[in-house]
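S.K.: Read off the chains here:
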Amino acid sequence: EDKVVQSPLSLVVHEGDTVTLNCSYEVTNFRSLLWYKQEKKAPTFLFMLTSSGIEKKSGRLSSILDKKELFSILNITATQTGDSAVYLCGGGSNYKLTFGKGTLLTVNP
Amino acid sequence: DTEVTQTPKHLVMGMTNKKSLKCEQHMGHRAMYWYKQKAKKPPELMFVYSYEKLSINESVPSRFSPECPNSSLLNLHLHALQPEDSALYLCASSQVLGPLHFGNGTRLTVT
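So the protein sequences, as listed, match chains A and B. Convert by adding 72 to the 1-based position in the first sequence; the result is the number in the numbering used here. Convert by adding 317 to the 1-based position in the second sequence; the result is the number in the numbering used here.
One chain only, chain A, in its complex shape:
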């Protein structure tokens, strides 16, 4: 059975802090690792990682995949209150995406 584990499960920081969210996976026929941000409704897509060691960046967010260690991290620098959300990591094989439990990030002003 595919398994994705995220840590920490929750995190409280102050605006301006840098955070690192962790995701480990055991996925049969692994193809990709995806990160999503979920506020009240739909998870919104952040990154899709398929190659090991190549960092993807979008503004203050970045992510990298280690296929040898079956691990990914999501970094958020200079956090803002608008970054408060649940961050979901998913391991994908063909059409099946298995999510971890998510990390609840709270950014206080």
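By construction, these hints were calculated from the structure, which means they are not laboratory data. For each residue, glycine too, the CB sits at the ideal point set by N, CA and C. One should not assume that every hint holds.
Calculated pairs, EDC-like style, for lysine to aspartate or glutamate (alpha carbon to alpha carbon, straight line, at most 20 Å) [stated by the list, open to error]:
| # | chain 1 | residue 1 | chain 2 | residue 2 |
| --- | --- | --- | --- | --- |
| 1 | B | Lys326 | B | Glu375 |
| 2 | B | Lys326 | A | Asp89 |
| 3 | A | Lys129 | A | Asp89 |
| 4 | B | Lys358 | A | Asp89 |
| 5 | A | Lys113 | B | Glu384 |
| 6 | B | Lys326 | B | Glu369 |
Distance windows between CB atoms, simulated [unchecked claim]:
| # | chain 1 | residue 1 | chain 2 | residue 2 | range |
| --- | --- | --- | --- | --- | --- |
| 7 | A | Thr149 | B | Met332 | 24 to 34 Å |
| 8 | A | Gly131 | B | Ser382 | 37 to 47 Å |
| 9 | B | Gly331 | A | Lys140 | 45 to 55 Å |
| 10 | A | Ile145 | B | Ala397 | 28 to 38 Å |
| 11 | A | Thr90 | B | Ser389 | 38 to 48 Å |
| 12 | A | Gly131 | B | Ser389 | 28 to 38 Å |
| 13 | B | Ser389 | A | Val84 | 18 to 28 Å |
| 14 | A | Asn166 | B | Lys355 | 22 to 32 Å |
Rough simulated footprint, nothing fancy, chain A against chain B, three-plus residues with beta-carbon under 8 Å [claimed, not checked]:
| # | region |
| --- | --- |
| 15 | 328–341 |
| 16 | 364–374 |
| 17 | 383–397 |
Based on these hints, arrange chain B on the given structure of chain A.
M.R.: Chain B in isolation, oriented as in the chain A frame:
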């Protein structure tokens, strides 16, 4: 707003009712998905359609019946649901092997 549109936004139904959830996308995606999300839990895959054919059914009870009338539309027919089926039902679409794009979901309450 997302490019995957789900209707209705909210639905309350009794255990003997029959209702349908609808999902539409116009991004040309050939894969469409139904996920179920309970409060404070991650989304769980229910069904996947690829090129309008059912390719994955995650052992979902038969009281949930998916339908893909064409490449833009996905329905989920509901019949004789239980209160524990109350959840947020998310539709998503993707290019083949691409990232999923989710709709805002239908909040279902079974009374």
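S.K.: Are the hints correct? Go through all of them and say.
M.R.: Going through the hints against the structure:
1. B/Lys326 x B/Glu375: violated (24 Å)
2. B/Lys326 x A/Asp89: Given that 20 Å is the threshold and the Cα spacing comes to 36 Å, the pair is violated.
3. A/Lys129 x A/Asp89: holds (18 Å)
4. B/Lys358 x A/Asp89: Since the Cα atoms of B/Lys358 and A/Asp89 sit roughly 26 Å apart, the hinted pair is violated (cutoff 20 Å).
5. A/Lys113 x B/Glu384: Since the Cα atoms of A/Lys113 and B/Glu384 sit roughly 23 Å apart, the hinted pair is violated (cutoff 20 Å).
6. B/Lys326 x B/Glu369: Not satisfied, since the Cα-Cα distance of roughly 24 Å exceeds 20 Å.
7. A/Thr149 x B/Met332: 24 to 34 Å: Distance hint for A/Thr149, B/Met332 is violated at roughly 50 Å.
8. A/Gly131 x B/Ser382: 37 to 47 Å: holds (42 Å)
9. B/Gly331 x A/Lys140: 45 to 55 Å: holds (53 Å)
10. A/Ile145 x B/Ala397: 28 to 38 Å: violated (44 Å)
11. A/Thr90 x B/Ser389: 38 to 48 Å: With Cβ atoms ~42 Å apart, the hint holds.
12. A/Gly131 x B/Ser389: 28 to 38 Å: holds (32 Å)
13. B/Ser389 x A/Val84: 18 to 28 Å: 42 Å Cβ-Cβ, so the 18 to 28 Å window is violated.
14. A/Asn166 x B/Lys355: 22 to 32 Å: holds (25 Å)
15. 328–341: The restraint on the region 328–341 of chain B is violated, since only 0 of its residues have a Cβ under 8 Å from chain A and three are required.
16. 364–374: Three-residue rule met by the region 364–374 of chain B, so holds; n is 4.
17. 383–397: violated (count 0)
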